[in-house]
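Based on the hints, put chain H with the ligands in the right spot on chain A.
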Amino acid sequence: MAHLLSLAPPHPGGATGGPGPIHGLDPRGRVLAAAAFAVVVTGLSSLPVLALAAVAALAMLPLSGLPPGPTLRRMVMMDGFILVMLVLLPFTTPGTPALILPGGLVATREGLRLAAEIALTANAVILMLMVLVGTLDPVRLGHALARLRLPLRLVHLLLFTVRYIEVLRAEYDRTRQAMRARAFRPGSNRHTWVSLGQLVGMMLVRALERSERILQAMKCRGFTGQIPLLDDLSFGAGDRLFGVLFALALGCLIAMEVALVRAA
Amino acid sequence: MSALLELDDIHFGYPGQAPVLAGASLALGPGERIALVGANGTGKSTLLRIALGLIRPARGTIRAFGQPCARETDFQQMRRRVGLVFQDPDDQLFCPTVAEDIAFGPLNLGLSRAEALRRVDAVLEQLALTALRNRVTHHLSGGEKRLVTLATVLVMRPEVLLLDEPTNALDPENEARLLAILQALPQAILLVSHDPAFRARLVQRELHLAEGRLGPHPHPR
Ligand SMILES: Nc1ncnc2c1ncn2[C@@H]1O[C@H](COP(=O)(O)OP(=O)(O)OP(=O)(O)O)[C@@H](O)[C@H]1O
Ligand SMILES: [Mg+2]
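These protein sequence lines are chains A and H, in that order.
Once you know that position 103 of the first sequence is 103 in our numbering, the rest is easy, because the numbers rise by one and skip nothing.
Once you know that position 135 of the second sequence is 135 in our numbering, the rest is easy, because the numbers rise by one and skip nothing.
If we strip away everything but chain H, and leave its shape as in the complex, we get:
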C-alpha cells in the first residue's frame, strides 16, 4: 500500500521559541482515517500547515501521492488534491459572500464560472447550507462559519482531507450531521479533535503528539 500523505522526521520551531516538532512522522493510506491527539499547543495545527507546505520544516521530508514535495511548485500541485479545514474559520473565509468564497477553490482549479457555481450549489445542498448561499461571510455565526469552511474545502473534491477541530462551535445536531457526512466520504481523513466520542465514531486509529513526536495513543481504547 502506498501512502497518500507521508511526513517523515519533521522538525520545526517558530523563530525564537522552543522547537514544536522534533521528529514527527506519519503516513496516511488511501481511505484511512486517522486522528491526531495532543494537548493544547503541542503543534497539531502546525503539523497540518507543514503537511501542505504553508510553513517549511527545519528538517524532514513530505511526500504526497508518492511524490516528494520540497519546492513551492510541488506543494502547489498537491494542494489541488489535499484539502485543509483551518482551526479558525476567520482565517479561511475572505470573500464577501458565502457563494463567492466557496467558488474560490474551484476557480483556482481552473473550472469555468458556471461549472464552479454548479459545484457550489451541489456542496451547499450536501451540507444543507443552501439558505446561507448569499449571506455575508463575516456575519455568519461561529457554527455557520465552521460548516461553510468545510464546504469551501469539500467543493474542491480533494482526495485527502485534513480537518483541524471541525466540530468546534457546532451544536449537537450539526455535529451529528457533520459526522454522518464525514463517515459517508470515501476520502482519507486526518482529523484533529479534542472530542473522544467524535473521534471514536470516525477514525480507526489515533496518533498521540507529545514532545514533538507522534506515537500510538498512550491510552488505547
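Looking at chain A on its own, in the form it has when it is part of the complex:
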C-alpha cells in the first residue's frame, strides 16, 4: 500500500507533489487533521453526510497540488482491495429484498446501503490521507510522527523501510538476473519452486543480516537508539487557522449526522 501514500519516489528534503497551499502547513497539524477526519468519518452512518465528507475530501484535492488524475487512480486502486467485499455485501446481508438477479440471488436494501456506506467512508478517508499526509515526503512524515510522540521504534521502522525498500528491490532484480545468466527459466516444476523459494528465503536472511551490519555501522557512529531529528517544525498562525477551520468542518459533519439521525 506504500504507493497510496506516495512513498514511491522519495525526494529527500522536499515535499512530494506540486507546491499547493497545503505544502506550507506544519506536518504535525496535517497528520492530526487526517487522523481526526478518519475517526469522525468512520463514525458517520447517514449516507448524505458521508457523501458530503467525500466531497469535502475531493474539494481539498486542488489545494494539495497533487495531480488529480493519478491521485484518483490510486484511490480506485485502493477500492480494488475492498471490491469483493462491496460486491458480496448486498447478497449476504439479511433484510428487505431490493433486487433479484437471475439465478435467485437476492440483493437486500440494507446490504446495498452498507456497501455504499463502506465505499464512501473508505474513499473519503483515503483521499483525505493522500491530500494531507501523502503530500509529505516520508522523512518529514517520520519526523512529524516522532514529534507527536509516536513510539520511536515505529518511526524508525518507517524511515528504514523507506530507505531500504529500493535496496531490496535492486537486490531482487540483480539476483533474478544472475539466475537468468545461469540459464534459469521459470516453469511449473519442482526445480523452479525450490529455486524461487531459496531466492525469497535468501533475501529475508540477507535483509536480516544486513540490518545487523547497518546497526553495527550505526553504533560505530554513536547510535544509541535515537536518531537525531534535524529539521525543526514550527506551528504558526496559518497552521492555527487551518486547525480551527478543519475542526469547524468536522463539527458541521457531526452536527448534520446527529440532526439526521434524530429526524429519522
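Hints are computed from structural coordinates only; laboratory data are not their basis.
We treat Cβ as the ideally placed atom computed from N, Cα and C, and that holds for glycine.
Taking CB as the label site, the calculated pair distances span: (1) Leu215(A) - Glu115(H): 41 to 49 Å; (2) Asp8(H) - Leu72(A): 44 to 52 Å; (3) Gln67(H) - Leu105(A): 54 to 62 Å.
Quick look at which bits of chain H chain A covers, simulated, 3 or more residues with Cβ under 8 Å: (4) 76-82; (5) 85-99; (6) 107-118; (7) 152-165.
Residues of chain A placed beyond 12 Å of chain H at every Cβ, according to the derived structure: (8) Pro21; (9) His23; (10) Ala59; (11) Arg73; (12) Val87; (13) Thr96; (14) Leu114; (15) Val133; (16) Leu148; (17) Phe235; (18) Gly238; (19) Asp239; (20) Leu245; (21) Leu253; (22) Val258.
For chain H with the ligands alone, kept in the frame of chain A given last:
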C-alpha cells in the same frame, strides 16, 4: 574465423543518466582471451550484462555463435553456452549451501540431480574447494565466495567465459591458482580486470573502454 560473441555498435544509458555506452563493438573468437580495461564506472560490467541480454541496449546488435540475439528466447539459448561471473558475488549466490548453488546451473541445463551433483563434486575438486561443499553461502569469506561463483559458472561448461574482476578479494595464493586454472581452460574468455600483471599473464589482447566506445589500449605493452 567466425566470432563466438559479437557486439556491434551498442548504445546504452541507465534511465535518467548520461549514456554509458555509445557505439561499443567487440568480437571474441574461439579460444581467444581478451581483456576489457577502463576506469571505474565506464560501463564494463554494464557491457557484460548487455552481452547476455540481462539488460537491453537502446541500439546495437548482439550475435552469439553466429546467431543474432534479439529476443529473450535467443538469449535463453545463448546463456546455456556463455557463462558470466558477476563482479559482486553476493548478487550471484542465493542458495543456502555451496553445493546447491553450484548445482543450480546444471539443473537448469536439464541434468538429473545425480548427474548435477557429480559435476558439482568434479568442479569443487578442480578448484580445490571440496572443503566448502556443505558450507552456508552467505557465511563464506569474500575470497571463498569469489571462488564459489567461479565454480557455479564453470560447472555449466560454457564455451565462452565472461569474468568481471575475478581476482577481487583473492589472496596471492588463490589468485595464482585461479590464473593457472584459467590458463588451462580452452574456452574463450572476456576478462574485466584492473590488475595489469594478471591481465598480462592471461590475455592476448586488451580493449580500452572510454567514452562509451571500445578501442585498442592506448598504452600498448
Ligand atoms: N543499476 C544501475 N542504475 C543506474 N546506474 C547504474 C546502474 N549500474 C551502473 N550504473 C552506472 O553506470 C555506469 C557504468 O557502471 P558499470 O558498473 O558498468 O561500470 P564499470 O566499468 O563496471 O565500473 P567498475 O570498474 O567500478 O566496476 C556507472 O556510472 C554507474 O554509476
Ligand atoms: Mg564493474
